[in-house]
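Colleague: Given chain A, put chain B in place with the hints provided.
One-letter residues, chain by chain:
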Amino acid sequence: MQEITQALHLFQKNKSNMVTYILIKFILVLFVFLLALTVAAYSTYGERKVSALMQDRIGPDRAGPYGLLQPLADGIKMFTKEELIPTNSSKYLFVLGPSIAMLTALMAGVVIPWAGPIEAFGQQLTFQVSDINIGILYIFSVVSIGVYGIMIGGWASNNKYSLLGALRASSQMISYEIAMGLAIVALVMKSGTLSLGEIVTQQQGDWINVVYQPLGFLIFLICAFAETNRAPFDLPECETELIGGYHTEYSSMKLGLFLFAEYINMFVSSAVISALYFGGYNLPFQAALGLEGPWLAVLQFGFFFLKIVFFIFLFMWVRWTIPRFRYDQLLHLGWKILLPLAILNIIITGLVMWANGSLA
Amino acid sequence: MSYLKDKGIEVEYKEISNLNTLNLGPTHPATHGIFQNVLTMNGEIIEDSQQTIGYIHRAFEKIAERRPYNQITVLTDRMNYCSSPINNLGWHMTVEKLIGVDIPKRAQYLRVIIMELARISDHIICDSVIAVDTGALTGFTYLFQWRELIYEIYEELCGARLTTNLGRIGGLERDFTMTAWKKLDKFLKGFPAVLEEFENLVKRNRIFMDRTVKVGPISGERALEYGFTGPNLRAAGVDYDVRVALPYSSYEDFEFAIPVGENGDTYDRFMVRLEEMKESLRIIQQAKEGLPEGPFHADVPAFYLPPKEDVYNKMEALIYHFKIVMGETDVPSGTVYHSVEGGNGEVGFYLISDGGRSPYRLHLRRPCFIYYQAYPEMIKGSMLSDAILTLSSMNVIAGELDA
Chain A
0 MQEITQALHL FQKNKSNMVT YILIKFILVL FVFLLALTVA AYSTYGERKV SALMQDRIGP
60 DRAGPYGLLQ PLADGIKMFT KEELIPTNSS KYLFVLGPSI AMLTALMAGV VIPWAGPIEA
120 FGQQLTFQVS DINIGILYIF SVVSIGVYGI MIGGWASNNK YSLLGALRAS SQMISYEIAM
180 GLAIVALVMK SGTLSLGEIV TQQQGDWINV VYQPLGFLIF LICAFAETNR APFDLPECET
240 ELIGGYHTEY SSMKLGLFLF AEYINMFVSS AVISALYFGG YNLPFQAALG LEGPWLAVLQ
300 FGFFFLKIVF FIFLFMWVRW TIPRFRYDQL LHLGWKILLP LAILNIIITG LVMWANGSLA
Chain B
0 MSYLKDKGIE VEYKEISNLN TLNLGPTHPA THGIFQNVLT MNGEIIEDSQ QTIGYIHRAF
60 EKIAERRPYN QITVLTDRMN YCSSPINNLG WHMTVEKLIG VDIPKRAQYL RVIIMELARI
120 SDHIICDSVI AVDTGALTGF TYLFQWRELI YEIYEELCGA RLTTNLGRIG GLERDFTMTA
180 WKKLDKFLKG FPAVLEEFEN LVKRNRIFMD RTVKVGPISG ERALEYGFTG PNLRAAGVDY
240 DVRVALPYSS YEDFEFAIPV GENGDTYDRF MVRLEEMKES LRIIQQAKEG LPEGPFHADV
300 PAFYLPPKED VYNKMEALIY HFKIVMGETD VPSGTVYHSV EGGNGEVGFY LISDGGRSPY
360 RLHLRRPCFI YYQAYPEMIK GSMLSDAILT LSSMNVIAGE LDA
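Going line by line, the protein sequences match chains A and B.
The C-terminal residue of the first sequence carries number 359 in numbering that gives the first Met the number 0, and the numbering is unbroken.
The C-terminal residue of the second sequence carries number 402 in numbering that gives the first Met the number 0, and the numbering is unbroken.
Here chain A stands alone, though its shape is the one from the complex (with noise of 0.2 Å):
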């Protein structure tokens, strides 16, 4: 709503405003669009070379210089390959299910600001889709949403393996989502906001928020591992039980869509990690810099990506590092450990919060 109207003033006043309104948004989309996109691809690559350098393997160096085509040839691979449907399948929901995933994942990256407003073509332009005013619970709803992509798509495949690592991929969604949101809840507390882009600006020449809120990162971390079934939490695809699980009778670019969707939401996650709890797009001793315009802009998007970068490798690092969670002990770390931790979070915020008397 309020773009719309901050669109509709903006027309009222000049007609020519409007347009470039418009066509900005529209760049701005296609690039959050294509970065996200590229980001993925990559790091499917990325993973590949990860887990080679940790196996002490070469990983893919075949096409282009240093394998840096391979995420192109699997594309190719993947649309090329022949699509199967399972004969007893739902086929309209066994198709819906990979176009949920891969649209809430892409959904996601709306609400993140990529760098600092600018002032340009007569307007303050900022770098970030939409700021919406609940732009937190935004992201939330939306991967919500992906676990039905998933659910859709196990159970429509009449795959018993399928149906089980659906099962699995929604109570872990359900069980973390609650102790996600209750971390966010402390953040929320201290910043006085569900925007995103404020939670951004309020870090700039303050302390990061990972300062205020160590354990409320932690418990966010890990969620965030569990929302986007990465191991030590990949039970819904486990390899050596469910045979891929909620993918296993997906073949052709509907598994790459699977596949794709989890790429795009571990890119998300480290984005909304960075932008919630490390600063976001806002450089160290940014002031003393003294930069300004569309350098700067340019400096704090560079910034915000390599913070995006290391914690897709961090995702990377740990899935090949440690063993997958059993379903009951999963459960249990969710239920049992970090709901109880996010409630103290909540509470020691509360404290603090009241001991200073910015609790209003």
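Derived by calculation from the structure, the hints in this document are not laboratory data.
Note that the structure is predicted; figures quoted are calculated from it, not measured.
We treat Cβ as the ideally placed atom computed from N, Cα and C, and that holds for glycine.
Possibly wrong hints are sitting among the right ones.
Unchecked claim - One-sided excerpt, in silico: chain A residues whose CB lies under 10 Å from chain B: (1) LYS76; (2) LYS80; (3) PRO231; (4) ARG318.
Modeller: For chain B alone, coordinates are given in the frame of chain A:
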């Protein structure tokens, strides 16, 4: 409750079960071979299971009745193909026992080195696969590189890697070459560090311990009732090892410990194998240092192929060569049981000979066959993930199970 019955209407009730049947195998990545488990599951908990075996039954025992003794070796290869040299040499020792040949000390020591290498390679597979089944793929690649080195040593000794057909009745077909010694040295030098690295990565990992401790346990008594042997029995706390109980091939000359577990669970089985690898390294080291000089095979011309040079130049050698190759070796009649400590447990050969070229009856004691019988009992009431870990920790190998 029964509204219709109260009204006097006859109805037939059908029991509705919320149990689900899951077909684990025959081709499932976790079964490590071809055998089927039909699990009756309540959610993720296994209520009951039924096993089907025989998918790769090749009737080795029957085939052996038609084969000359030296050609049975290749059948033993294909039992536990993770440690085939142990099976090969175990079979040769059985035949040597039957025909009453004393093997030179050097050959015995060389055999010990080979068998311990095979044991290490078997344990490498089992332990790293346990790690893989818990989801930790990296440890697997650390150890598997070194299994490759063991295979290279085999290659140097006999030309083959997996199905080795190593050794001959009466000794070994050739002595260790310089390259083989060099490769062995390289292995002995590098492997302990890698083993330690693997250990550090997995052994005390909280998730790994959560996944394996008290998973798929079996008590020592129950294990003995089933006839468990080898690492799986030792994990349950029974210190039975054929190498010590009934020493063969000069095992009594070496000093080594027998690692024993407590609970007989997956973690203990993992740890017993891990420790056994270290003991095997010790044995190899001792055998290498104390290796006596002398021939690498006994003087049994009727069973041991003469050198090619002699075959071309000496009449007796040519005759023996012809007879051995055509399988016309004459073996005394008698009954022999010989067992060796295989990678997986006691590999036994019960051989009845009524003279002539081939056995009257050969029974192969295959430990996996016994372990798999205890499997339904061990997984009952556990979760699907546990069942898979239990299977991989017992190292049930389809080739040995079905034979």
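Colleague: Could you check the structure against the hints above and give me the numbers of any it violates, in ascending order?
Modeller: 1, 2
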